[in-house]
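K.L.:
Protein sequence lines correspond, in order, to chains H and S.
Taking numbering that gives the first Met the number 0 as reference, the numbering of the first sequence is continuous, increasing by one, and the terminal residue is 972.
Taking numbering that gives the first Met the number 0 as reference, the numbering of the second sequence is continuous, increasing by one, and the terminal residue is 972.
Quick caveat, the hints were computed from the structure, so don't treat them as lab data.
No experiment lies behind these values; they were computed from the predicted model shown.
Honestly, I wouldn't trust all of these hints.
Label pairs and their computed distance ranges (CB to CB) [said to hold, decoys possible]:
1. H/719 - S/672: 44 to 50 Å
2. S/584 - H/719: 50 to 56 Å
3. H/487 - S/650: 30 to 36 Å
4. H/857 - S/849: 51 to 57 Å
5. S/486 - H/784: 32 to 38 Å
6. S/224 - H/784: 30 to 36 Å
7. S/723 - H/719: 30 to 36 Å
8. H/862 - S/783: 52 to 58 Å
9. S/486 - H/857: 21 to 27 Å
10. H/661 - S/111: 36 to 42 Å
11. S/940 - H/723: 42 to 48 Å
Covered, in the sense of this in silico footprint (three residues per stretch, anywhere, with C-beta under 8 Å from a C-beta of chain H), are these stretches of chain S [to be verified]:
12. 404–411
13. 816–827
14. 838–847
15. 853–866
Just so it is clear, CB atoms sit at the ideal spot from N, CA and C, and this is done for glycine as well.
2 protein chains.
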Amino acid sequence: MTARKKAAAKKKPAARKGTTRKAASRKSGAAKRTTKRTTKRTATGTTTGTAKKAAARKVFFFGKGRADGRAEMRDLLGGKGANLAEMTRLGVPVPPGFTISTDVCAEFKKAGSRIPAAVKRDALAALQKVERVMGMRFGDPSRPLLVSVRSGARSSMPGMMDTVLNLGLNDRTVAGLAQLADERFAFDSYRRFIQMYGDVVLEVPHHAFESRLDELKDHAGADLDTELDASHWRSLIDEYQEVVLEHTGERFPQDPMQQLWGAVAAVFRSWENERAHRYREIHGIPGEWGTAVNVQAMVFGNMGDDCATGVAFTRDPSTGERVFYGEYLKNAQGEDVVAGIRTPQPINAASRKADSADLPTLAEEMPRPFRELERIYKKLEKHYRDMQDIEFTIQNGELWMLQTRSGKRTAEAAVRIAVEMARERLITRNEAISRVTPESLEQLLHPRLDPDAPRDVVARGLPASPGAAVGRIVLSADEAETLAKTGEKVVLVRQETSPDDIHGMHAAEGILTARGGMTSHAAVVARGMGKCCISGCGDLHFDPGGGGIQIGGRRFEPGEFITLDGTSGEVMAGRIPTAMPELGGAFAELMRWADKVRRVSVRTNADTPADATAARGFGAEGIGLCRTEHMFFEPARILAVREMILASSPADRERALETLLPMQRGDFVRIFEVMEGRPVTVRLLDPPLHEFLPHSDAEITEVAKAIGTSVASVRASLAELEETNPMLGHRGCRLGISYPEIYRMQVRAITEAACEVKAGGVDVKPEIMLPLIAHVRELERLRSLVESEIEAVLAHHPKIRLRPHIGTMIEVPRAALTADQIAEHADFFSFGTNDLTQMAYALSRDDAGRFLPTYVDHGILESDPFVVVDEEGIGRLMRIGLEGGRQTRPDLKVGICGEHGGNPASVRFCARLGFDYVSCSPFRVPVARLAAAQAALEEAGASGGKPPKTKRAGQKRSGTNRAGKKRAGGKKR
Amino acid sequence: MTARKKAAAKKKPAARKGTTRKAASRKSGAAKRTTKRTTKRTATGTTTGTAKKAAARKVFFFGKGRADGRAEMRDLLGGKGANLAEMTRLGVPVPPGFTISTDVCAEFKKAGSRIPAAVKRDALAALQKVERVMGMRFGDPSRPLLVSVRSGARSSMPGMMDTVLNLGLNDRTVAGLAQLADERFAFDSYRRFIQMYGDVVLEVPHHAFESRLDELKDHAGADLDTELDASHWRSLIDEYQEVVLEHTGERFPQDPMQQLWGAVAAVFRSWENERAHRYREIHGIPGEWGTAVNVQAMVFGNMGDDCATGVAFTRDPSTGERVFYGEYLKNAQGEDVVAGIRTPQPINAASRKADSADLPTLAEEMPRPFRELERIYKKLEKHYRDMQDIEFTIQNGELWMLQTRSGKRTAEAAVRIAVEMARERLITRNEAISRVTPESLEQLLHPRLDPDAPRDVVARGLPASPGAAVGRIVLSADEAETLAKTGEKVVLVRQETSPDDIHGMHAAEGILTARGGMTSHAAVVARGMGKCCISGCGDLHFDPGGGGIQIGGRRFEPGEFITLDGTSGEVMAGRIPTAMPELGGAFAELMRWADKVRRVSVRTNADTPADATAARGFGAEGIGLCRTEHMFFEPARILAVREMILASSPADRERALETLLPMQRGDFVRIFEVMEGRPVTVRLLDPPLHEFLPHSDAEITEVAKAIGTSVASVRASLAELEETNPMLGHRGCRLGISYPEIYRMQVRAITEAACEVKAGGVDVKPEIMLPLIAHVRELERLRSLVESEIEAVLAHHPKIRLRPHIGTMIEVPRAALTADQIAEHADFFSFGTNDLTQMAYALSRDDAGRFLPTYVDHGILESDPFVVVDEEGIGRLMRIGLEGGRQTRPDLKVGICGEHGGNPASVRFCARLGFDYVSCSPFRVPVARLAAAQAALEEAGASGGKPPKTKRAGQKRSGTNRAGKKRAGGKKR
């Protein structure tokens with residue numbers, strides 16, 4: 000209505016055009032890559048033509064060796080659809096079908112949840128092709144074609160969206176199915192279809208169906224579904240149709256076309272359901288991507304004992320070992336395996352686990368389709384050049400492939416697979432580097448259970464996702480989330496998990512389920528999250544009334560501690576101590592390759608010799624942030640610190656500082672020794688002094704007594720030091736200016752320690768860092784204080800040659816804005832992105848909890864700016880700071896020491912900007928090393944294979960390379 | 000020692016060169032201006048040549064109609080030196096002398112407080128010229144030349160630095176002086192010289208001399224100096240020489256040359272004394288300017304009754320009236336008038352005040368020199384084109400001019416003089432605009448004493464500086480500073496003031512002194528500060544033991560209130576109510592001229608109809624910031640506000656908001672009515688909610704009772720709302736996102752009020768402003784909330800046409816950094832420079848008090864960034880924000896509504912950047928109007944006369960015009 004609105008309305012078409020253009024160029028890029036590979040292998044016509052056609056096409060047929068789509072079109076077809084098309088082209092047996100593209104998802108939403116007429120028309124045409132291939136007709140009472148309708152997004156979102164199977168059945172076609180198989184099967188299929196369609200499309204609560212089934216079983220005196228016969232199912236069909244009529248006020252749709260459009264619409268709608276939203280939130284998937292819909296001829300794994308359905312991985316997804324690994328269920332539908340309701344059989348000897356050691360394998364039971372499966376898996380892995388997660392169905396002895404995709408894997412497996420594939424020359428080393436998600440490495444480094452600790456093993460389940468978890472038992476996802484927020488570590492214990500449990504799994508240290516196999520929901524999701532999981536623990540039972548649980552016959556209450564070993568499958572009572580893992584050879588090799596490639600060096604944030612030792616083990620090339628204040632909190636020291644703060648005169652303060660001096664010196668000696676000549680950046684005291692004072696009445700009294708002053712005087716000091724906004728108050732270098740004696744003591748401790756260690760023959764590279772600089776004159780003043788103190792110490796050590804670098808944090812926005820001035824007095828900049836984010840975003844980390852979740856929920860923020868650098872805002876400030884600094888001093892050393900230093904996206908951002916180093920917590924050092932290598936590969940455009948773009952959604956990259964290039968140029972000078 | 004230091008050392012010469020080049024170009028600019036004027040009047044050779052010579056020359060002779068310097072060289076010669084040269088050139092009788100340039104001040108300091116040999120040589124040569132002009136010789140026992148040695152900086156610093164008179168006297172030359180005058184005079188002069196030299200150069204405590212004088216008087220039974228005769232003085236000379244020997248261990252120097260170098264060095268040293276430092280700090284004078292030294296032949300106003308010394312102004316410095324105005328003392332030395340120790344006589348009838356009504360005037364007593372003085376003052380004012388403050392001495396009936404400079408004046412006088420001079424065509428209107436310091440206008444607008452209020456007048460003094468002051472009595476400058484810091488208003492009451500009292504005068508509302516005339520230290524300084532001052536109040540007496548005072552026979556204790564009327568000179572007991580002043584015609588005229596010139600519009604920050612009314616009276620063109628939260632604090636409303644906050648459900652909250660709605664609507668109705676169609680920017684709720692809740696136990700109980708909830712629940716809410724860093728917490732638009740119902744109520748109140756006022760026939764231009772926007776999506780979301788609420792209201796007023804602008808504060812650094820995105824949804828930006836400064840500087844205004852003073856003391860900060868926009872840091876952010884916003888939306892309206900909006904330097908900065916408006920408190924509206932006009936003149940380079948640069952030291956202007964120019968271009972489109 001307003002002028003602004005009109006202007007905005009005018010702008011929109013242009014904006015859209017922009018997007019389309021970008022999308023088109025992305026596609027043509029993809030097409031180019033395709034060209035390369037296709038010409039090598041198949042050479043079917045000009046792919047540019049194909050790409051053009053593809054841009055207009057919305058329905059993509061596949062079947063009998065021919066397909067409109069291909070693997071590279073996953074943005075448009077979703078992962079599943081693209082791979083069904085690709086497999087079809089490869090000559091792999093795939094039931095025919097068609098894919099409605101992801102573009103239609105947005106159109107559908109925009110059109111008020113209607114399927115566009117043109118799409119319906121094209122789908123109908125594709126359906127007729129499917130009929131021809133299958134020799135069956137949709138809705139034909141004698142040879143009815145049945146189809147499945149499934150979602151399929153660009154990025155896999157297992158179980159998040161809806162699926163309908165057996166679509167096309169109605170009161171008439173069910174008879175045709177009975178003729179093709181048998182009556183029991185046909186009626187069972189029909190009642191399953193009604194139940195599924197009722198649930199997914201018609202939104203009838205599923206317990207309404209389940210209670211009718213339970214009644215029927217009671218009535219028939221049956222415990223299991225298998226005990227029911229065709230007539231039972233036929234009667235249940237009537238009841239189910241009644242349920243539908245009751246809940247929807249309409250008859251269950253008999254028209255197969257109506258069924259089809261209903262299911263397609265439901266799948267599109269399911270893109271917007273809460274589960275899917277949540278999943279996207281956690282995995283950073285943009286809502287605008289949309290899902291495709293795959294409509295595919297049904298094949299049945301549950302038509303008899305010559306039927307089966309299974310899931311397999313071309314390599315072991317837990318360990319990465321190069322063995323064909325899978326599970327199957329005889330006479331079952333595909334969803335049964337994934338749902339983990341029946342414990343499946345191993346497909347071969349290599350897939351045998353403890354609980355399936357005595358079960359027959361597919362290789363034994365159906366050798367012919369198994370050999371076919373082996374042939375296909377090898378072909379697929381070679382074609383896709385990655386470990387594949389495949390789904391298959393055997394109908395009356397005939398093998399059909401239903402899906403292939405890059406398999407989810409543990410971090411351990413990812414590393415091993417990447418390294419081994421590079422050794423096998425299936426991929427290049429650079430591709431191997433790009434294949435591993437840096438974030439996932441962290442789990443490899445976290446402690447595992449101490450192998451020597453006594454274990455009170457109470458039960459054993461499937462080792463579904465490796466690692467260890469120690470935590471309090473919680474029985475629901477909500478509880479898990481709530482308790483974890485208070486800082487407690489929890490283990491989520493469930494009968495089985497479902498997509499509704501995602502948030503709880505996210506919050507938990509580990510997951511334990513009573514049911515489900517290695518490919519159950521719990522197992523797949525936990526591996527993706529890098530969390531420890533034990534599934535299918537048959538000895539786990541829930542009290543019928545809720546409340547407690549029994550594991551291996553012992554009672555446990557919620558809140559009690561248990562320990563899981565995801566590698567062995569052992570469930571233990573209590574807390575088992577953890578120990579550091581041994582890192583395998585593949586990991587070391589991958590890191591070596593990464594180190595050769597990366598340009599940015601990786602340091603660690605370490606305040607203690609222990610941290611420093613751990614970080615060196617992880618490959619840290621120095622300490623980027625050594626916070627001196629943490630050293631003050633040790634019980635033996637805090638008293639001296641408090642005396643120093645409460646001192647009534649500079650003389651008293653100096654005396655207290657003299658007590659602290661040897662302690663600080665000792666800390667530095669040990670850290671310098673550990674780091675053996677690698678740079679160690681020590682930040683001088685930063686937090687406001689009141690952080691060191693007690694606040695409770697009892698503590699105040701205690702401190703007053705210990706220090707020999709009055710309670711009133713301690714209280715007075717507290718009151719005087721209290722601040723309205725301590726973040727923006729008397730801290731950082733401001734302390735150094737108000738109390739120069741404190742900084743002098745610290746500089747003395749650093750310098751004396753350095754002299755001591757050097758005198759012992761170990762090299763030392765101390766760097767002294769001043770926090771919270773906002774104005775160049777603060778740095779100028781403090782630099783001369785630091786220099787004079789260093790000189791004073793060195794005067795007593797005439798033989799020691801030492802030139803500590805003196806630099807500053809860039810954590811105040813003004814410092815970034817005036818970096819050109821500040822660089823006059825700084826040997827290095829270290830971006831403190833935590834505070835920079837707090838200040839430039841007006842976001843107090845301590846207080847943001849009250850509104851930040853709402854912000855993420857409402858989509859105002861895409862991600863937590865304290866985890867991933869906000870490139871648009873904070874990132875711009877960083878660029879300004881870097882450019883200003885380098886303008887004054889082209890050789891200025893620049894790093895980052897905020898939490899972001901260990902976040903891969905942020906590491907890549909820093910690398911692009913031209914940073915010299917990143918610094919992060921010890922466990923994230925390998926993460927940063929790998930991320931830095933990937934950044935270098937991206938910049939060089941040299942990764943050789945498909946760049947792992949989809950994993951880095953939402954990153955803007957335009958123009959950010961410039962600084963990096965400049966930097967590279969600067970180095971040459 | 001470090002590499003850095005070396006690099007810095009290498010850089011220095013280059014940097015210095017840069018400065019020199021700049022300085023040179025400044026000089027050549029000055030020279031060009033000189034050329035213009037000189038060619039008009041004198042045409043003596045090429046001034047470019049002169050300027051070149053001047054750049055090398057360090058000692059500048061003047062005397063007998065010839066001078067090396069001229070008025071435009073004040074940077075080099077200081078104000079006094081430049082004007083002595085200029086007066087000499089004009090043919091005005093000036094005792095000959097020479098000026099050692101300000102450059103030498105730095106050289107002196109750098110050389111370890113030594114006068115460079117070359118300077119000494121040139122000075123000697125100049126001294127010989129002086130000897131020739133005077134026909135006397137320095138150190139000649141028969142006709143000894145005596146000289147004065149005085150400081151003289153670029154900007155006048157009255158009384159801050161040292162002066163030595165009668166230099167050249169020694170045991171031998173004193174006899175020569177006696178021959179020229181008489182013995183008593185000669186010995187008196189000599190003892191004065193020893194005392195002054197001893198104090199200033201030799202650092203002998205002056206009480207050491209005074210006690211000897213007191214002893215002598217006791218001994219002689221004399222009360223006054225005049226009762227002592229030549230022999231007394233002669234004996235005192237011996238005693239003084241003893242004092243010098245005692246305190247310095249050396250004899251008083253007898254060599255006139257040694258005396259001279261000692262005095263010159265002392266003057267240079269005095270540039271660095273504490274008083275001078277403090278004065279520079281207060282007045283923003285850079286330390287690197289340095290002082291010049293003026294050595295000038297002595298003339299004596301104290302050689303007898305045909306001698307006098309005086310000070311005069313070419314117009315009345317209090318009122319600006321065009322009358323010759325001055326005071327003199329017969330038979331006295333110059334310093335006696337300024338020191339205010341004797342009450343002086345008026346120079347003419349126009350200069351008569353109450354206390355001098357019956358004293359004879361100079362016109363009466365010495366008609367010939369008075370007529371000469373009249374001729375000279377007219378010449379000087381016409382030449383300098385400004386009101387002059389002149390010093391003169393009459394020696395044996397002969398008039399000598401010792402100084403001329405632009406006279407300090409009250410704000411009232413400044414306005415009147417500027418306007419009248421423009422009317423007289425002495426200056427242009429644009430010059431008139433540039434002549435008035437915008438800051439000073441504020442005092443014209445502040446309330447004066449209510450003329451109808453009963454006055455308990457206890458005494459009467461000189462109306463030394465107009466205005467009114469009400470405050471508690473304090474008796475020392477330190478006390479004044481201390482008490483004022485607690486927020487108390489104080490009146491400084493002193494015997495007389497000295498430069499040591501500057502900080503106390505700064506802190507006080509007004510100054511009352513017992514001694515001194517209209518040109519005493521207290522009077523001059525107070526007028527400069529725009530503070531009310533009554534001097535020479537003879538009925539003011541101090542208790543001998545300290546403690547209390549008596550005024551007009553009544554006792555007052557420190558801490559009691561008194562009231563001063565600086566316009567009438569009345570001192571009153573207690574507090575007199577104040578009333579708004581009537582603004583004179585000159586003020587209105589100047590404002591009219593300014594309004595025609597300026598480009599930036601001026602709005603006001605007003606939260607109430609009363610504020611709005613006041614601001615309109617001062618010429619506000621709209622409201623730039625109407626803070627809605629202030630409306631919430633009224634006792635009748637705060638309860639509803641608290642109910643709203645403590646509401647346990649949205650429904651309860653909505654109910655409380657319904658109570659508030661009509662109240663808010665009523666506020667807006669009245670404000671809109673006052674503003675009559677001028678834009679009114681209403682900011683939606685900004686502060687964190689806990690600010691509205693009580694904190695003391697008693698209040699909490701009271702509120703709980705009033706609201707009908709439990710104390711515990713109020714406490715729980717308080718605890719829940721408490722924040723670690725509220726500045727960066729849950730406030731601003733974050734409240735609007737968490738509690739949209741609050742913002743909806745406010746928008747409804749604004750829109751309904753606008754409809755009501757419009758329906759009544761008065762135009763309304765509401766603008767709705769969202770605070771604390773950090774991310775474009777916050778604004779996007781809230782804009783649509785605001786728009787939908789407006790539409791909902793307008794649906795009920797089909798006949799009202801209303802399109803409120805919707806815009807945002809730019810107060811979060813990230814908002815400035817992403818302004819291009821934010822402008823997509825904003826009709827206007829208003830820079831909230833208070834918060835922008837807090838965040839980008841990491842400076843909490845509430846907490847900075849603990850360290851900011853240290854920062855200013857140590858010279859880390861030049862000025863308080865909350866008063867003057869920090870152009871380098873915050874200003875850069877503003878530029879980024881403005882450029883980003885205008886890039887997206889060239890017609891974006893941009894303003895400022897922080898406190899800086901009324902600070903002239905900041906207004907000029909905003910004008911240069913291309914802002915559309917500034918908004919400030921009502922009293923500063925005229926200040927901003929004038930500052931904006933001056934900015935426009937500066938930009939246009941059209942001020943015609945000398946731009947008032949010295950008043951705006953330290954401003955960087957390079958490149959800042961570009962945005963402004965762009966903007967002007969944008970407007971044309």
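K.L.:
For every hint, state whether the structure bears it out.
P.N.:
Hint by hint, here is what the structure shows:
no. : hint                      : result
1   : H/719 - S/672: 44 to 50 Å : holds, 48 Å
2   : S/584 - H/719: 50 to 56 Å : holds, 53 Å
3   : H/487 - S/650: 30 to 36 Å : holds, 34 Å
4   : H/857 - S/849: 51 to 57 Å : violated, 38 Å
5   : S/486 - H/784: 32 to 38 Å : holds, 35 Å
6   : S/224 - H/784: 30 to 36 Å : violated, 53 Å
7   : S/723 - H/719: 30 to 36 Å : violated, 18 Å
8   : H/862 - S/783: 52 to 58 Å : violated, 23 Å
9   : S/486 - H/857: 21 to 27 Å : violated, 43 Å
10  : H/661 - S/111: 36 to 42 Å : holds, 41 Å
11  : S/940 - H/723: 42 to 48 Å : holds, 46 Å
12  : 404–411                   : violated (count 0)
13  : 816–827                   : holds (count 6)
14  : 838–847                   : holds (count 9)
15  : 853–866                   : holds (count 6)
In summary, the structure is inconsistent with hints 4, 6, 7, 8, 9 and 12 from the numbered list given earlier, while agreeing with the others.
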